[in-house]
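With the hints as constraints, model all of the structure from the sequences given.
If you're matching them up, the sequences are chains A and B in order. First residue of the first sequence? That's 1 in the numbering used here, and the numbers climb one at a time after it. First residue of the second sequence? That's 1 in the numbering used here, and the numbers climb one at a time after it.
No lab work stands behind these hints: they were computed from the structure. Careful: at least some of the hints might be erroneous.
[Stated by the list, open to error] Label-pair restraints from in silico Cβ distances:
#, chain 1, residue 1, chain 2, residue 2, range
1, A, Ile156, B, Asn87, 49 to 55 Å
2, B, Gln216, A, His128, 51 to 57 Å
3, A, Asp136, B, Arg59, 52 to 58 Å
4, B, Gln170, A, Gln110, 43 to 49 Å
5, B, His52, A, Gln249, 23 to 29 Å
Each residue gets a CB set at the ideal place from its N, CA and C atoms; glycine is no exception.
Number of protein chains: 2
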Amino acid sequence: MNSQPLGIFDSGVGGLTVVKAVQGLLPHESIVYLGDTARVPYGSKSPETIRHFADQNVRFLLSKGVKAIVVACNTASAHALSDLQKNHNIPIIGVIEPGVDAALAEPSCQRVGIIATRGTIRSHAYQHALALRRPDLLILEQSAPLLAPLVEENWIDHPATIEALKTYLQPLLDRGMDTLLLACTHYPLLIPTLQSVLGPGIRLVDSATTCAQHLQTHLASLDLLAENASPTFDLFLTDLHEQFELLAQRFLASGPIKAARVELS
Amino acid sequence: MNSQPLGIFDSGVGGLTVVKAVQGLLPHESIVYLGDTARVPYGSKSPETIRHFADQNVRFLLSKGVKAIVVACNTASAHALSDLQKNHNIPIIGVIEPGVDAALAEPSCQRVGIIATRGTIRSHAYQHALALRRPDLLILEQSAPLLAPLVEENWIDHPATIEALKTYLQPLLDRGMDTLLLACTHYPLLIPTLQSVLGPGIRLVDSATTCAQHLQTHLASLDLLAENASPTFDLFLTDLHEQFELLAQRFLASGPIKAARVELS
Numbered sequence: 001m002n003s004q005p006l007g008i009f010d011s012g013v014g015g016l017t018v019v020k021a022v023q024g025l026l027p028h029e030s031i032v033y034l035g036d037t038a039r040v041p042y043g044s045k046s047p048e049t050i051r052h053f054a055d056q057n058v059r060f061l062l063s064k065g066v067k068a069i070v071v072a073c074n075t076a077s078a079h080a081l082s083d084l085q086k087n088h089n090i091p092i093i094g095v096i097e098p099g100v101d102a103a104l105a106e107p108s109c110q111r112v113g114i115i116a117t118r119g120t121i122r123s124h125a126y127q128h129a130l131a132l133r134r135p136d137l138l139i140l141e142q143s144a145p146l147l148a149p150l151v152e153e154n155w156i157d158h159p160a161t162i163e164a165l166k167t168y169l170q171p172l173l174d175r176g177m178d179t180l181l182l183a184c185t186h187y188p189l190l191i192p193t194l195q196s197v198l199g200p201g202i203r204l205v206d207s208a209t210t211c212a213q214h215l216q217t218h219l220a221s222l223d224l225l226a227e228n229a230s231p232t233f234d235l236f237l238t239d240l241h242e243q244f245e246l247l248a249q250r251f252l253a254s255g256p257i258k259a260a261r262v263e264l265s
Numbered sequence: 001m002n003s004q005p006l007g008i009f010d011s012g013v014g015g016l017t018v019v020k021a022v023q024g025l026l027p028h029e030s031i032v033y034l035g036d037t038a039r040v041p042y043g044s045k046s047p048e049t050i051r052h053f054a055d056q057n058v059r060f061l062l063s064k065g066v067k068a069i070v071v072a073c074n075t076a077s078a079h080a081l082s083d084l085q086k087n088h089n090i091p092i093i094g095v096i097e098p099g100v101d102a103a104l105a106e107p108s109c110q111r112v113g114i115i116a117t118r119g120t121i122r123s124h125a126y127q128h129a130l131a132l133r134r135p136d137l138l139i140l141e142q143s144a145p146l147l148a149p150l151v152e153e154n155w156i157d158h159p160a161t162i163e164a165l166k167t168y169l170q171p172l173l174d175r176g177m178d179t180l181l182l183a184c185t186h187y188p189l190l191i192p193t194l195q196s197v198l199g200p201g202i203r204l205v206d207s208a209t210t211c212a213q214h215l216q217t218h219l220a221s222l223d224l225l226a227e228n229a230s231p232t233f234d235l236f237l238t239d240l241h242e243q244f245e246l247l248a249q250r251f252l253a254s255g256p257i258k259a260a261r262v263e264l265s
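See below:
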């Protein structure tokens, strides 16, 4: 048992879908969240830059006394996770392995589509992890850089979002996709729209839910679970704006939220 | 006469539409361009953060020996221009005043729509500049945060772009807009699509072209124009990626381009 907080970071507020899933599954954990909103998005930036940013984020969370860290950002998980694990002496988990586990948990899974930011797709991190475990799998990668901005605009079922989804998903449907991996923490908010665009028969795997489940197992195995009667939630952002607080509310499906601004170094 | 280069900066590569307009109008000027691609976009960030980034960008351009600077970014022009002009002893021009001048040059202009990023709209910089000169004007502001990402995806006439433009522009059309100010350097690429969505009778004013014209007049008045027989063009980005080089080509309508990566401090 360990009552110290969990640290969770993302390039922006998308990772709050992971916070929401963790709070649902582990309601006694205190959480410190860092959103690097001054430098969001990571998805279009180079691996070297993303590794540098991710390292600064981890150092900030360590300064807050966290017991474990979740990289709640697919782009940072893809490019920075192994370096972070090498350089810091604390459990650090990403969103990719849990998503891959969940996709493969269903034995009927034969043709997996992956949608993500350009940076995540370019890393081929999901493709490598899936192919290693199931060399026979057909893997269909699709970068979908407009989906996160559409979610941030709250155009969840806007005609523009439906048109964008059709363009991104039709090539995967044409190749017989049976499972779609939502490899960006913004995308859980699109699940109802995705279901109506895709129709029945396509399984959706989202990285927020699967990451929370993986975290629970991992903390239990290390005896790091907390039983705080009044767990705390602290929200730090590298750039503060009312818009981010509104977005945070939407991602957490919660009431008003106050964030504090931090400078990273 | 002064053969030193012009400095032009933007949060990303959108400001290259200004470079293209400047090269068209002033073909003998050497240009140093800085795109802050590691921290793009500015449009969703706070005024304080934008001022800090803009100051770093100016310092970098000064280190390259430029004779004058163009802030080819509407968000940075809105929030940082007056501070930059106060703190640096060199001509610095933004994109807002030229756009306002061009909009008002047509005496029939009565109802001006402005589309821009959230940051530019929130600053009300265009509204203030227009109202100061023409208190009787009806000014219609509309933030359009998805348009720059749609341009970067090269979805210039995609159904999603047309749906987004309809949502953004219908409220302005309903109020009888006669002039539309494109207050983001990405938007000149959307002009053909805008013309088809808006139909005839709406005048489009783009900040790239108008800024280049203003620059020409300003440099001439200070005797700073160059007559370089072989003008140079140097492209610096704070994050380097093939995607940015491709985008740069598209924005400049040129052949292959090599960029150099710089760290700002």
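Status of each hint after checking the structure:
Separated by about 43 Å at the C-beta atoms, A:Ile156 and B:Asn87 break the suggested range of 49 to 55 Å. The hinted range of 51 to 57 Å is satisfied by B:Gln216 and A:His128, whose Cβ atoms lie roughly 53 Å apart. Roughly 56 Å separates the CB atoms of A:Asp136 and B:Arg59, a value that falls within the hinted 52 to 58 Å. The hinted window of 43 to 49 Å between B:Gln170 and A:Gln110 holds, with their beta carbons roughly 44 Å apart.
Between B:His52 and A:Gln249 the CB atoms are about 27 Å apart, so this pair conforms to the stated range of 23 to 29 Å.
This entry does not satisfy hint 1, going by the numbered hints stated previously; all others are met.
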